[in-house]
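Asks: Chains as they are written, first to last, in this note's numbering: chain B, 1 to 509; chain V, 1 to 509.
Rather than coming from a laboratory, the hints here were simulated on the basis of the structure. Cβ atoms here follow ideal geometry from the backbone N, Cα and C, with glycine treated the same way. No false leads were slipped in.
Far from chain V by the CB rule (all over 12 Å, computed), these chain B residues:
no., residue
1, I230
2, S271
3, P299
4, D301
5, E311
6, K314
7, G379
8, K399
9, E408
10, I491
11, G502
12, I509
Distance windows between CB atoms, simulated:
no., chain 1, residue 1, chain 2, residue 2, range
13, B, S86, V, N300, 43 to 53 Å
14, V, K39, B, E424, 23 to 33 Å
15, B, E80, V, L412, 48 to 58 Å
16, B, K26, V, N61, 29 to 39 Å
17, V, K304, B, K26, 34 to 44 Å
18, B, E111, V, P297, 26 to 36 Å
19, B, K26, V, P413, 19 to 29 Å
20, V, N300, B, T495, 53 to 63 Å
21, V, D245, B, S23, 13 to 23 Å
Number of protein chains: 2
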Amino acid sequence: MKLKVKKINFETGTTKDVIINASDAKKLNLKAGDRITIKKPESKSINDKYRVAILQIAYSNSIVAPGEIGIFIDTIRDFENNTEVSIKPIDPPDSFKFIKKKINGLKLTSEEINNIISDSVSGHLSPIELASFITGVSINGMDNEEMTALTLAEAKSGNIFDFGPEVYDKHSTGGVPGNKVSLIIVPIVAAAGLTIPKTSTRAITSPSGTADSMEVLAPVAFDSEELKKIVSKLNACIVWGGALDLAPADNILIEIERPLRMDPFGLMIPSILTKKLSVGVKKIVLDIPVGTGTKFPTPNDGKKFAHLFKEIAKNVGLEAECALTLAHQPIGHSIGPAIEAKEALTLLRDYNAGPNSLIEKSTSLAGIILEMGGKAEKGQGQILAKDILQSGKAYEKMKQIIEVQGGEPNILPEDIKLGIYEREFYSTKEGHITDVNNAIINQIAKAAGCPNSKTSGVHIFKKQGAKVKEGDIIFKIYSNSQSNLKRAEKIYNSTGGPIILGGMMIERI
Amino acid sequence: MKLKVKKINFETGTTKDVIINASDAKKLNLKAGDRITIKKPESKSINDKYRVAILQIAYSNSIVAPGEIGIFIDTIRDFENNTEVSIKPIDPPDSFKFIKKKINGLKLTSEEINNIISDSVSGHLSPIELASFITGVSINGMDNEEMTALTLAEAKSGNIFDFGPEVYDKHSTGGVPGNKVSLIIVPIVAAAGLTIPKTSTRAITSPSGTADSMEVLAPVAFDSEELKKIVSKLNACIVWGGALDLAPADNILIEIERPLRMDPFGLMIPSILTKKLSVGVKKIVLDIPVGTGTKFPTPNDGKKFAHLFKEIAKNVGLEAECALTLAHQPIGHSIGPAIEAKEALTLLRDYNAGPNSLIEKSTSLAGIILEMGGKAEKGQGQILAKDILQSGKAYEKMKQIIEVQGGEPNILPEDIKLGIYEREFYSTKEGHITDVNNAIINQIAKAAGCPNSKTSGVHIFKKQGAKVKEGDIIFKIYSNSQSNLKRAEKIYNSTGGPIILGGMMIERI
Numbered sequence: 001m002k003l004k005v006k007k008i009n010f011e012t013g014t015t016k017d018v019i020i021n022a023s024d025a026k027k028l029n030l031k032a033g034d035r036i037t038i039k040k041p042e043s044k045s046i047n048d049k050y051r052v053a054i055l056q057i058a059y060s061n062s063i064v065a066p067g068e069i070g071i072f073i074d075t076i077r078d079f080e081n082n083t084e085v086s087i088k089p090i091d092p093p094d095s096f097k098f099i100k101k102k103i104n105g106l107k108l109t110s111e112e113i114n115n116i117i118s119d120s121v122s123g124h125l126s127p128i129e130l131a132s133f134i135t136g137v138s139i140n141g142m143d144n145e146e147m148t149a150l151t152l153a154e155a156k157s158g159n160i161f162d163f164g165p166e167v168y169d170k171h172s173t174g175g176v177p178g179n180k181v182s183l184i185i186v187p188i189v190a191a192a193g194l195t196i197p198k199t200s201t202r203a204i205t206s207p208s209g210t211a212d213s214m215e216v217l218a219p220v221a222f223d224s225e226e227l228k229k230i231v232s233k234l235n236a237c238i239v240w241g242g243a244l245d246l247a248p249a250d251n252i253l254i255e256i257e258r259p260l261r262m263d264p265f266g267l268m269i270p271s272i273l274t275k276k277l278s279v280g281v282k283k284i285v286l287d288i289p290v291g292t293g294t295k296f297p298t299p300n301d302g303k304k305f306a307h308l309f310k311e312i313a314k315n316v317g318l319e320a321e322c323a324l325t326l327a328h329q330p331i332g333h334s335i336g337p338a339i340e341a342k343e344a345l346t347l348l349r350d351y352n353a354g355p356n357s358l359i360e361k362s363t364s365l366a367g368i369i370l371e372m373g374g375k376a377e378k379g380q381g382q383i384l385a386k387d388i389l390q391s392g393k394a395y396e397k398m399k400q401i402i403e404v405q406g407g408e409p410n411i412l413p414e415d416i417k418l419g420i421y422e423r424e425f426y427s428t429k430e431g432h433i434t435d436v437n438n439a440i441i442n443q444i445a446k447a448a449g450c451p452n453s454k455t456s457g458v459h460i461f462k463k464q465g466a467k468v469k470e471g472d473i474i475f476k477i478y479s480n481s482q483s484n485l486k487r488a489e490k491i492y493n494s495t496g497g498p499i500i501l502g503g504m505m506i507e508r509i
Numbered sequence: 001m002k003l004k005v006k007k008i009n010f011e012t013g014t015t016k017d018v019i020i021n022a023s024d025a026k027k028l029n030l031k032a033g034d035r036i037t038i039k040k041p042e043s044k045s046i047n048d049k050y051r052v053a054i055l056q057i058a059y060s061n062s063i064v065a066p067g068e069i070g071i072f073i074d075t076i077r078d079f080e081n082n083t084e085v086s087i088k089p090i091d092p093p094d095s096f097k098f099i100k101k102k103i104n105g106l107k108l109t110s111e112e113i114n115n116i117i118s119d120s121v122s123g124h125l126s127p128i129e130l131a132s133f134i135t136g137v138s139i140n141g142m143d144n145e146e147m148t149a150l151t152l153a154e155a156k157s158g159n160i161f162d163f164g165p166e167v168y169d170k171h172s173t174g175g176v177p178g179n180k181v182s183l184i185i186v187p188i189v190a191a192a193g194l195t196i197p198k199t200s201t202r203a204i205t206s207p208s209g210t211a212d213s214m215e216v217l218a219p220v221a222f223d224s225e226e227l228k229k230i231v232s233k234l235n236a237c238i239v240w241g242g243a244l245d246l247a248p249a250d251n252i253l254i255e256i257e258r259p260l261r262m263d264p265f266g267l268m269i270p271s272i273l274t275k276k277l278s279v280g281v282k283k284i285v286l287d288i289p290v291g292t293g294t295k296f297p298t299p300n301d302g303k304k305f306a307h308l309f310k311e312i313a314k315n316v317g318l319e320a321e322c323a324l325t326l327a328h329q330p331i332g333h334s335i336g337p338a339i340e341a342k343e344a345l346t347l348l349r350d351y352n353a354g355p356n357s358l359i360e361k362s363t364s365l366a367g368i369i370l371e372m373g374g375k376a377e378k379g380q381g382q383i384l385a386k387d388i389l390q391s392g393k394a395y396e397k398m399k400q401i402i403e404v405q406g407g408e409p410n411i412l413p414e415d416i417k418l419g420i421y422e423r424e425f426y427s428t429k430e431g432h433i434t435d436v437n438n439a440i441i442n443q444i445a446k447a448a449g450c451p452n453s454k455t456s457g458v459h460i461f462k463k464q465g466a467k468v469k470e471g472d473i474i475f476k477i478y479s480n481s482q483s484n485l486k487r488a489e490k491i492y493n494s495t496g497g498p499i500i501l502g503g504m505m506i507e508r509i
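The following block holds chain B by itself, in its conformation from the complex:
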């Protein structure tokens, strides 16, 4: 059947969708989700003649009338309006057979994995096919060879930077609020003379990602050329990975994993490693928070993961060290983009300002990198990291990073404004803090407006073990909107707040 191309000014994402009218679909016995080739009959070049696409159906004539084929502007760029084309159903690509193989519990070869990855990127696999693949991997797993192949295939799918043979990084598997450690670690490591091109994400489900907090101090969105300039000047950066076309295959899988709420090890390990390969990282320290609310309920789960991670890393040419870390309460006292930037900047300027949990966690992770990079003897890394932080060298480095990324290097913590709507909560009795609940903190911070409102957030005055007198301030919410503040307060009041204050008596019988 001959159809006329009608370009539709609307983007569909990665899948190569096209639309025909329901009456044409009926004539051709085609259904939504069928895979077709579109042939431009007048074209002489074979490269320009055929396109593969996934079919959608229009049941009204207003967007695509009978005799037309709607092509989304991002789907097939080079087919002009009113070109005459013909379409034909085709079988799924080979990669679909490999997806079935995984679903049937069989092991995939690296060639098969390459195939799945390249068809994901070219849009030849549909979202439901990818959902089926991810579900299959969730149930049947992937072995070390498969994860290794997947990492390499994903890395190949996008830009790969080369910042030389000695490039370091730090990554966290997540799940602990207030984890602003990258803002301390990067300047320490860079101040010691090592290269650390830190790319990070914005918050997905948490109140603030590293990129969100950093953006309070300086721009974080750069293209490849800009990134190269920044890192060549300074050996360091703290940027958002989203603008850099790093491993687009991984992004495509994440787009399906996220709504399915699946993050199987078989995909998670390749996902972390592939982003590191993309920015040319050679050695990495992985922070694995363990405990309730993280991906690893017990230290033993974290340990098993660490060994697996180190092995796959080695297979793809990366040296990895892992650190299991405490995750029972937030790192530092602040949660939210601006308030976290403020806390990090405060510590960088004045070691004595603390907080202790942030110092300890940042310097222990930075210390491992310093040891890996030969800057300190084994076991001496944290001491060096603390020295660098205390000496002000890390702060100097951070000012340079802020400046080269286009921020104001002399920004002071007090320049960082927080939401104008505030609410403080006070202790109603004397005692000590027995528990600080991460999940409630996250809920309150998000209700207050995080991460979209950078100035919203929470301040935790009293953490586990602290002694409290009646009338002490224990918690504060900031918000940029009165209604958001109300929502956040409501959560505080209905849950009783995240901070559990115990007396000396456990129970009165």
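Here the structure of chain B is known, so what remains is to put chain V in place on it, guided by the hints.
Replies: Just chain V now, kept in the frame of chain B:
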């Protein structure tokens, strides 16, 4: 955020998709696939105030500009243009947790299954979530209780007809070409006085479905009221199930299963039974073709399935008998909508015209129904079925069915026209037919234009065991298009044709 409704005159199918502009999505930190509630602030009725939808993102302003929310006309019908609404992300429905439970290998309760089914129909589960569910069922299976619950949940999702306590049906699990037996069985059973409201599908992957062939003789698309009238007049019909709103939940699952090429027993058995429950069937005979190209490679596979099917049928209040049938070559000599109708009509008019395979298969299955309905003693059903066919009573009944469905009852086989482009193939040597290849026949028939072109098809003159002389006609292709005929011929020539002619000598050494 306040958004203005913009109705989009385009249908998306069952999922409740809405679209917002990428800039608004960024502000709200929402991504494609996120689930939201849409709230009409001015509405006082709680029923009218909230809608749940799945979010899509527009990257250009032409369809949905910032500040607008695009609502597809079939998504949410009662929100008018320019109404002001606000949106809020929400968690997936409980049914999504039950999908995860199945993926984790656990058994679902009937309440959980009801939940999944009602959320599928209301569009609260997205296609990728359903794909994940189907993949989970494919890998982890469903036990008898789950299949029973699923059957009942699916049947409840749409119309349920009641044609009294004694209603019969026949169904086939498919996989054998030329299986036009329903066109013979229905009039035999109805002529014996039993009620058989046959609903069938159009071809999905085969050259012709029962509905496609019947449509050559009479219309097959009716709504519920029309169906009731037809069956009340005649106790029989041969119609297309697609217009009757039978078990829409099943159709939604099939829409995802089809492109995923998955048809796990856990979904297949409920799918068959639920459609039968919908038309009020009480007793059913299931035709299970076994062998290469069918769902059951060995008789043993078919047998296991038969026992399982009978058990689930019993659980939902249906009496089922199953018949394993030969599937090594087509039933009769014709494949294609018109040519199959022609062959069936020829046999109905003249028992002696055969073909034998069609007589034997139709009367053995019809015979089982006659025995189930008390019209014949056990073991005597096929004899009665043959009597009814031979006596012309089945033909009379078929004429009535054709008439009441709006066709020409006196249509003769020679009135049924076949494609004007033909090609005959002749034997080049003497011998006997050792093999007839179903897969090649299907390919040729579809290349010739089946099932969209009703007049296209193939005629097989010589089947397994037949003696052949040099120059005998063995195969003929009909097509309505010269280019399709050429494509079909090309397949014949490149494969050597579907008919394998063996000599007496096996191999010359």
